[in-house]
Structure formats: C-alpha cells, structure tokens
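Q: In order, the protein sequences belong to chains W and X.
Every position in the first sequence, counted from 1, becomes a number in the numbering used here once 179 is added.
Every position in the second sequence, counted from 1, becomes a number in the numbering used here once 17 is added.
Honestly, the hints are just simulated from the structure, not real lab data.
One should not assume that every hint holds.
Just a few of them, taken from the derived set where beta-carbon distance is under 7 Å, the chain W residues facing chain X [stated by the list, open to error]: (1) P188; (2) R210; (3) I224; (4) K232; (5) K241; (6) E244; (7) E245; (8) S259; (9) V260; (10) T266; (11) F268; (12) Y269; (13) Y275; (14) C276.
Backbone N, C-alpha and C fix where the C-beta goes; we use that ideal spot for every residue, glycine too.
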Amino acid sequence: MKTYQYQWPPKKYLLHAQVQHETDETDGPYRLNIIREHCDGTTTIEPMEIADKNLRFIITRKRPEENSISFSYSEQLILSVYELEDTAFYPIEPYYCG
Amino acid sequence: MSIKWSEHACKYNLQNEWNDTLKEAYLYDRLSTEHKVRCRLCPRNCVIQQGEVGFCKVRKNINGTLYAQTYEKAAHVAIEKIETEAIFHYEPGADILSLGTIGCNLNCSYCQNWSLSQAEYANPNIISQRTSEQIVNMALKNNIKILSWTYSEPAVWFEFVIDTARLARKHGLVSLFKSAYFLSEEATDMIIDAADLFAVSLKAMDNKYYQTHTQGWIAPVLNCTKKIHRSGKPLEIENLIVTGLTDKDSEYIKIIDFVKKELDESVPLHFSSFHPDYKYVHLPQADSSHLERARAMALERGLQYVYVGNVFENVGLHSYCSQCGTMLVERFGLNSRVLETLDRSGRCVKCGKNNNIKLKP
Numbered sequence: 180m181k182t183y184q185y186q187w188p189p190k191k192y193l194l195h196a197q198v199q200h201e202t203d204e205t206d207g208p209y210r211l212n213i214i215r216e217h218c219d220g221t222t223t224i225e226p227m228e229i230a231d232k233n234l235r236f237i238i239t240r241k242r243p244e245e246n247s248i249s250f251s252y253s254e255q256l257i258l259s260v261y262e263l264e265d266t267a268f269y270p271i272e273p274y275y276c277g
Numbered sequence: 018m019s020i021k022w023s024e025h026a027c028k029y030n031l032q033n034e035w036n037d038t039l040k041e042a043y044l045y046d047r048l049s050t051e052h053k054v055r056c057r058l059c060p061r062n063c064v065i066q067q068g069e070v071g072f073c074k075v076r077k078n079i080n081g082t083l084y085a086q087t088y089e090k091a092a093h094v095a096i097e098k099i100e101t102e103a104i105f106h107y108e109p110g111a112d113i114l115s116l117g118t119i120g121c122n123l124n125c126s127y128c129q130n131w132s133l134s135q136a137e138y139a140n141p142n143i144i145s146q147r148t149s150e151q152i153v154n155m156a157l158k159n160n161i162k163i164l165s166w167t168y169s170e171p172a173v174w175f176e177f178v179i180d181t182a183r184l185a186r187k188h189g190l191v192s193l194f195k196s197a198y199f200l201s202e203e204a205t206d207m208i209i210d211a212a213d214l215f216a217v218s219l220k221a222m223d224n225k226y227y228q229t230h231t232q233g234w235i236a237p238v239l240n241c242t243k244k245i246h247r248s249g250k251p252l253e254i255e256n257l258i259v260t261g262l263t264d265k266d267s268e269y270i271k272i273i274d275f276v277k278k279e280l281d282e283s284v285p286l287h288f289s290s291f292h293p294d295y296k297y298v299h300l301p302q303a304d305s306s307h308l309e310r311a312r313a314m315a316l317e318r319g320l321q322y323v324y325v326g327n328v329f330e331n332v333g334l335h336s337y338c339s340q341c342g343t344m345l346v347e348r349f350g351l352n353s354r355v356l357e358t359l360d361r362s363g364r365c366v367k368c369g370k371n372n373n374i375k376l377k378p
C-alpha cells in the first residue's frame, strides 16, 4: 500500500482528492483508506472502494481537532491532492501526486 | 499552488480541436446574410459570423448553423457536498456530482475558475468526453442523487445540461443549476423546466458593477431570479463580497431589500468571501467581519435564513429556527449535522415552525 499524509494548515478545511488507476485495465474496486488524525492522538478510518478508473472527490476537515489526514491506497492507484482556496473551486494543479 | 493569470498566460485555440461532438444549439436564429447566426442563449444575442464563436468562446457558427462545442465535454467532475454550492435548505450533507465545462458568458475579474471559464486559457488536456448516460451511471454507481451543474457558467453547455437533466430525472436524480443567471428568458424557462433546484450567484445590485467587473448587465439576472422564485422550486441566493468593491453597508442593503421585496424573506441568502484570483490578486480576501455584518443586517431587516460562506468555523453557518432561534442544523466547514430539534418535515420541534429544510430520505 502507498501512503500520504497531509497536515491541515490552520485555515485550510477543504481538499480535492483524485484517484486514477495506472492502467485502463482494472480488476477493481481498489481500496483507499482515509485516516483522520486528531490532536489527542485518536484516529478515525474511512474506508472507500474505488470502482471508477478516475474519481475526484472533496474531503472536508470534520472538526477543529483534526490536524492531519492520511491516505492509504492500493499500489495500482495514483493519488492527486488539490488544496481548495474556496468552495466551488476546481484547482487544476495538484499539491501532491504520487 | 495555483496557476497565476497574467496578460501573457498561455492561450489555446480550442476552436479547431473541438469539432468531434458538436451539437446544434437549441436557441438561435439563422440570419439571411452571409451565413450569420444570432445566439439566443443569453442577453448578449451574439451575432456570429461564419467560422466564429460568440462571447462565451464555445458556441460556433459552422456554415450558418450554431453548434455547442462543449456538448459531452466535461472539464470538471467531482463528488462534493451540497453545501459547496451554497445550498443549505435541501438535503443537508448530501453528496452531489459536480460537473462543469469550459467557457462563460461573463468575464468576472475575480473569477476563481478563470482558467476554465475563460476558454482561451483552458488547457484542452483537462477535457474528458462524457455522455449523459455515463454521467447518470456514475451518479447511480456512487449512490448520488443530485447532479450539480456548476464551477464555470453551466449555461454555456446548455444543450448538454438540458439533455442530461431530463435523462437524470427519469432515473430519479435531481439537477441543481448553479449559475450567474445571465440568461435569456427562453433559456431560463427551459432551465426551470429541466432542473429541480437553483443557486443564484448574484454579484451585486448595481448595473455599473456588472458592466465593470463582469462584462454583463444586471436586469436579466434579476428577471431570471424572480422567474425561478415564481416557479416555486427551491432557490438560494449567494452574494460574493469582494474586498473594496461590495463590502459596503449600502450594497448589503440593496441585496437584502431585493430578496425581501422581490422574492421572499424565507429565501436563504448567503454572503460569501471572495478570495484573490485572476485579475484581482491585489485585493485581500474579504474579512469574515464583513460577512458577519452583512448577515446581521439581513436578519435585522427581516430575512429569515442568512448564512456566511467561504468561512468554515462561524455561527453564521448554522441553520436556526426563524421563529424561536433554536439551532436546527450545525455546520463545521462543509459538514452538516441535522439536530434532533428539526423533524422530518422541516419543522422546529420546539415551536412547530416550518423552516423549509428538506432532509435526505
């Protein structure tokens, strides 16, 4: 599994995450876990199954104590993370890709 | 990281690359002279010469026929929350499938999606081909009930929105149309018929402001908005507060009075903070104190549901009973939590007032 951790800056609340299969030939669905990490050391895990070859979705910070978010995902997936400056905003340059 | 606009930003010529899925426009006239056409989609009524495009840059005259070049061409597809669209009274917390294309019939100097809305700056590589069936299937597969036509101006892929919304309805989906509503009367009628809920981006209440900062004008926007309200379908209004331009009491009052007098005091109004982008990177982000002041003034003048937007921790994000003030929906960021004080029919449990909030099934 690949992993990527994003630390929420103080005034950031929104991300777009995009997952793409490396090839068009897919035996999906593939697994993606979103792990929310809180300042008291607790975590919550949100498992997702990605059936689409290319799926983009919003991730919102759920509470003030959430200080980072980690992605754990199948080797066959490429994850792009976009920071949103605003709602109804569609950035085209990823903050992270890997 | 974001792409910075400059006078020399990379320009593309899409007009010659987009001829594979043309769709004849629904609203235009053929003129008798030299294969010219007149587009009737928006109030500009662009008269377009053979081989040329209109103001929006994505509707092209080919041999005297007007074609929508954006048909089945998606530049943005994402699963988001309905709160993204400044819709707080329809299924709080619902997932939506947000869809956008490139092109716009306005040119707002602060547009946050300018690299898509202004077609000459849109990189063709971001475009993906999506049929109506594929979009409906994607929504169904991901258990999403709401299609949201948004980001840049959805009116410029009018034909695709209409066709997809009609198909979506057959599958039990609803369509949200978020627009600046700079539309012709007949386009408005068709959108009202095809879509189910409406988010109006009302830039200001001043015609000169529209002319200077959006290259449009205000009268058609207000007419469309009133028409949607008369249709009885769900409607929410968003006003973007731009630092130094619309962050004034006199501006807030004009918008508040429009909603109260021309629409209804129960229509939700959102005051949202602009962030510096496109040609207005020199202006600072609108401070939340302006949003809070505008909200307070609106409540004081009798509007029932007033919210702040593009801020994520604020009491102005929550929904309160307009009669007794009880909190009904709590929000943090774009997360909504419907409280036990709101019953399934949208009534306040404490006082019985119907607050017109439709909950998820």
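Q: With reference to the structure, classify each hint as holding or not holding.
A: A quick look at each hint next to the structure:
1. P188: violated, 12 Å
2. R210: Check failed: Cβ of R210/W comes no nearer than 16 Å to chain X, outside 7 Å.
3. I224: Result: violated, 17 Å to nearest chain X Cβ.
4. K232: Violated. Min distance 11 Å.
5. K241: At 5 Å from the nearest chain X Cβ, K241/W passes the 7 Å test, so the hint holds.
6. E244: Check failed: Cβ of E244/W comes no nearer than 11 Å to chain X, outside 7 Å.
7. E245: violated, 10 Å
8. S259: violated, 12 Å
9. V260: violated, 11 Å
10. T266: holds, 5 Å
11. F268: F268/W check passes; min Cβ-Cβ to chain X is 5 Å, inside 7 Å.
12. Y269: With Cβ-Cβ at 5 Å, under 7 Å, it holds.
13. Y275: Where the cut-off is 7 Å and the nearest Cβ of chain X is about 10 Å from Y275/W, the hint is violated.
14. C276: Hint on C276/W: violated, closest Cβ of chain X at ~11 Å, above 7 Å.
Violation of the numbered hints given earlier is confined to hints 1, 2, 3, 4, 6, 7, 8, 9, 13 and 14; the remaining hints are satisfied by the structure.
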